[in-house]
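Chains A and B, in that order, are what the protein sequence lines are. So in this note's numbering, the last spot in the first sequence is 254, and the numbers never skip. So in this note's numbering, the last spot in the second sequence is 742, and the numbers never skip.
No lab work stands behind these hints: they were computed from the structure. Each hint should be verified, as a subset may be incorrect.
Lysine to any residue pairs mimicking SDA-like chemistry, simulated, CA-CA at most 20 Å apart [to be verified]:
{"hint": "1", "chain 1": "A", "residue 1": "Lys115", "chain 2": "B", "residue 2": "Glu571"}
{"hint": "2", "chain 1": "B", "residue 1": "Lys717", "chain 2": "A", "residue 2": "Gly226"}
{"hint": "3", "chain 1": "A", "residue 1": "Lys115", "chain 2": "B", "residue 2": "Ile684"}
{"hint": "4", "chain 1": "A", "residue 1": "Lys115", "chain 2": "B", "residue 2": "Pro574"}
{"hint": "5", "chain 1": "B", "residue 1": "Lys717", "chain 2": "A", "residue 2": "Thr220"}
{"hint": "6", "chain 1": "B", "residue 1": "Lys728", "chain 2": "A", "residue 2": "Tyr221"}
{"hint": "7", "chain 1": "A", "residue 1": "Lys84", "chain 2": "B", "residue 2": "Gly708"}
{"hint": "8", "chain 1": "A", "residue 1": "Lys77", "chain 2": "B", "residue 2": "Gly576"}
{"hint": "9", "chain 1": "A", "residue 1": "Lys84", "chain 2": "B", "residue 2": "Ile684"}
{"hint": "10", "chain 1": "B", "residue 1": "Lys717", "chain 2": "A", "residue 2": "Met232"}
{"hint": "11", "chain 1": "A", "residue 1": "Lys102", "chain 2": "B", "residue 2": "Pro548"}
{"hint": "12", "chain 1": "B", "residue 1": "Lys717", "chain 2": "A", "residue 2": "Glu222"}
{"hint": "13", "chain 1": "A", "residue 1": "Lys102", "chain 2": "B", "residue 2": "Thr550"}
{"hint": "14", "chain 1": "A", "residue 1": "Lys115", "chain 2": "B", "residue 2": "Glu561"}
{"hint": "15", "chain 1": "A", "residue 1": "Lys84", "chain 2": "B", "residue 2": "Glu485"}
Cβ-to-Cβ under 7 Å is the rule here; a few derived chain A residues that face chain B [to be verified]:
{"hint": "16", "residue": "Arg108"}
{"hint": "17", "residue": "Val111"}
{"hint": "18", "residue": "Glu112"}
{"hint": "19", "residue": "Lys115"}
{"hint": "20", "residue": "Glu119"}
{"hint": "21", "residue": "Ser123"}
{"hint": "22", "residue": "Glu209"}
{"hint": "23", "residue": "Ile210"}
{"hint": "24", "residue": "Leu212"}
{"hint": "25", "residue": "Leu213"}
{"hint": "26", "residue": "Gln214"}
{"hint": "27", "residue": "Met219"}
{"hint": "28", "residue": "Thr220"}
{"hint": "29", "residue": "Leu224"}
Nothing here was measured: the structure is a model prediction, and the numbers come from that model. Virtual Cβ for every residue (Gly too), placed ideally from N, Cα, C.
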Amino acid sequence: MGIKSDIRLIDDNGLRIDGRLPNQLRPIKMEVGVLDRADGSAYIEWGGNKIMAAVYGPREAYPKHVQEAEKAIIRARYSMAPFSVDERKRPGPDRRAVELSKVISEALESVIFVEKYPRTSIDVYIEVLQADAGTRVAGITAASLALADAGIPMRDLIVGCAAGKIDGVVVLDLNKEEDNYGEADVPMAILPRTREIALLQMDGDMTYEELTGAIEMAMEAAQTIHKMQIEALKRKYVEVE
Amino acid sequence: MSNSKFTAGVIPEMKRDYIHRLASKGTRIDGRNFDEIRPLEIVKGYAKRAEGSALVRLGRTKVLVGVKIEVGTPFPDTPNMGILTTNAELAPLASPTFEPGPPGEEAIELARVVDRGIREGHAIDLEKLVIEEGEKVWIVFIDIHVLDYDGNLFDASGYGALAALTDAVVPASRYELGDDFKLPVLHYPVPVTFAKIGNWIVADPNLDEESIASARLTVTTNEEGHINAMQKGLSGTFTYEEVQKVINMSMNIGAKVREIILGDSDGKED
Numbered sequence: 014m015g016i017k018s019d020i021r022l023i024d025d026n027g028l029r030i031d032g033r034l035p036n037q038l039r040p041i042k043m044e045v046g047v048l049d050r051a052d053g054s055a056y057i058e059w060g061g062n063k064i065m066a067a068v069y070g071p072r073e074a075y076p077k078h079v080q081e082a083e084k085a086i087i088r089a090r091y092s093m094a095p096f097s098v099d100e101r102k103r104p105g106p107d108r109r110a111v112e113l114s115k116v117i118s119e120a121l122e123s124v125i126f127v128e129k130y131p132r133t134s135i136d137v138y139i140e141v142l143q144a145d146a147g148t149r150v151a152g153i154t155a156a157s158l159a160l161a162d163a164g165i166p167m168r169d170l171i172v173g174c175a176a177g178k179i180d181g182v183v184v185l186d187l188n189k190e191e192d193n194y195g196e197a198d199v200p201m202a203i204l205p206r207t208r209e210i211a212l213l214q215m216d217g218d219m220t221y222e223e224l225t226g227a228i229e230m231a232m233e234a235a236q237t238i239h240k241m242q243i244e245a246l247k248r249k250y251v252e253v254e
Numbered sequence: 473m474s475n476s477k478f479t480a481g482v483i484p485e486m487k488r489d490y491i492h493r494l495a496s497k498g499t500r501i502d503g504r505n506f507d508e509i510r511p512l513e514i515v516k517g518y519a520k521r522a523e524g525s526a527l528v529r530l531g532r533t534k535v536l537v538g539v540k541i542e543v544g545t546p547f548p549d550t551p552n553m554g555i556l557t558t559n560a561e562l563a564p565l566a567s568p569t570f571e572p573g574p575p576g577e578e579a580i581e582l583a584r585v586v587d588r589g590i591r592e593g594h595a596i597d598l599e600k601l602v603i604e605e606g607e608k609v610w611i612v613f614i615d616i617h618v619l620d621y622d623g624n625l626f627d628a629s630g631y632g633a634l635a636a637l638t639d640a641v642v643p644a645s646r647y648e649l650g651d652d653f654k655l656p657v658l659h660y661p662v663p664v665t666f667a668k669i670g671n672w673i674v675a676d677p678n679l680d681e682e683s684i685a686s687a688r689l690t691v692t693t694n695e696e697g698h699i700n701a702m703q704k705g706l707s708g709t710f711t712y713e714e715v716q717k718v719i720n721m722s723m724n725i726g727a728k729v730r731e732i733i734l735g736d737s738d739g740k741e742d
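Chain A on its own, in the form it takes in the complex (with noise of 0.2 Å):
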């Protein structure tokens, strides 16, 4: 965020340099059980991103300190492959991965009952194998989509989706230039049917009703989302007549 540049991120004609409007989605397309051996699974595309979700569980949780009597405990890994990124990044956790794995983990928490299943973790592994900006939200809705085809029993479909502020303007779901140059970035996480908010990051630099609009435009293009989700879902569950 705020690399100074003379790149002009918006044309004279209002769009985008990926030819998008300001309240514009990338195209994003999702598919549900795509991994054999994990208890559910989803892969997302979404503009340049290419995320794999994978759930295990409710299994026991280990190491047993770790297990709480009354829920299960949910334990999200964001990660990105060493290629995803134009610099190789070095495998394993760094302080963004980890940081990013809590508020992940804390979001998805939010929908899934987990008092229906104490003493067990429930692990869920986003692997990021390429990268375009908006990765944490991407990869929120491809486990939302991992979950439900794990089977969990959950009160919505959470929906990742991020706005944010791009030469003065607010606009929806940054690409990596618009990441890398714009002046702020709200990744967002969402539930469709009540409205909550549930993860809600940002950095940069914007006014009170420039923030609001950028929240106000994410939670609308959730809903959008969200039917992008359960279509998936029925091209898995639902036979074709």
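Guided by the hints, dock chain B onto chain A, whose structure is given.
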């Protein structure tokens, strides 16, 4: 510290009921209003070997932040900027739940949230910290040392970091690079953290409140009323209306805190 919980111990159900009952009457366990922070006291220049430092007391939470400044090589993608790095140590002396060892996820999140506010809020002018473009720059290390944990480390650490930066002097003469100069501070981003307890939202939660909170939201705003950073935590949720309310309260409280941080303090402790 590893694998320890931020929320110390198990708070008895009774205390939870008590806090809820008080909230329904519009007050809190220590008598504060919902939008009232604990007494804040900042002593700048506490650690004399540091280039800048601040001891923060936020209620009974105590945090010492030190700034060290050294010469180093810039990152290849930002050859004309100094470097800022932030680290947090949850020292085991601060709580029975903090364990020695490498930083756990709580310490990492704490450091990254404080860093985000300082960095995105452009608290320091990194462009003025270049000695030789692409070769030599000043590296500013912010080290957060938590000494006594009674809740809300995000704010205590954020206040300490900003205060320590305003106290810091770049030690140029030590490296024979001319005269020492005050670290150029551009903006004053201030975080304010809120906890959701039942359907109530309270500012600056203490440890008891933190341990029963369902959700947490930190909003960092600057002196122009712009928002620079946000971080939501815990497994509960916020409605959009609650988020709007929190942002507004954060600006109001942040303005008062900023005055305290910028207030005079000669650094002579006791």
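To see whether the hints hold, each was checked on the structure:
1. A:Lys115 - B:Glu571: holds, 19 Å
2. B:Lys717 - A:Gly226: Holds - the C-alpha atoms of Gly226 of chain A and Lys717 of chain B are around 15 Å apart, at most 20 Å.
3. A:Lys115 - B:Ile684: holds, 19 Å
4. A:Lys115 - B:Pro574: This hinted pair holds, its Cα atoms lying about 17 Å apart.
5. B:Lys717 - A:Thr220: This hinted pair holds, its Cα atoms lying about 15 Å apart.
6. B:Lys728 - A:Tyr221: Judged against 20 Å, a Cα distance of about 18 Å means the pair holds.
7. A:Lys84 - B:Gly708: holds, 15 Å
8. A:Lys77 - B:Gly576: holds, 18 Å
9. A:Lys84 - B:Ile684: holds, 16 Å
10. B:Lys717 - A:Met232: With Cα atoms ~17 Å apart, Lys717 of chain B and Met232 of chain A stay inside 20 Å; holds.
11. A:Lys102 - B:Pro548: holds, 15 Å
12. B:Lys717 - A:Glu222: holds, 13 Å
13. A:Lys102 - B:Thr550: Roughly 18 Å separates the two Cα atoms, so the pair holds.
14. A:Lys115 - B:Glu561: holds, 18 Å
15. A:Lys84 - B:Glu485: holds, 17 Å
16. Arg108: For Arg108 of chain A, the interface hint holds, since the closest Cβ of chain B sits about 5 Å away, which is under 7 Å.
17. Val111: Cβ of Val111 of chain A sits 5 Å from chain B, so the hint holds.
18. Glu112: holds, 5 Å
19. Lys115: Hint holds; Lys115 of chain A Cβ to chain B Cβ min 5 Å, cut 7 Å.
20. Glu119: holds, 5 Å
21. Ser123: Holds, because the Cβ-Cβ distance from Ser123 of chain A to chain B comes to roughly 5 Å (cut-off 7 Å).
22. Glu209: holds, 4 Å
23. Ile210: Hint holds; Ile210 of chain A Cβ to chain B Cβ min 5 Å, cut 7 Å.
24. Leu212: holds, 6 Å
25. Leu213: Nearest chain B Cβ about 4 Å off; hint holds.
26. Gln214: holds, 6 Å
27. Met219: Check passed: Cβ of Met219 of chain A comes within 5 Å of chain B, closer than 7 Å.
28. Thr220: Holds, because the Cβ-Cβ distance from Thr220 of chain A to chain B comes to roughly 6 Å (cut-off 7 Å).
29. Leu224: holds, 5 Å
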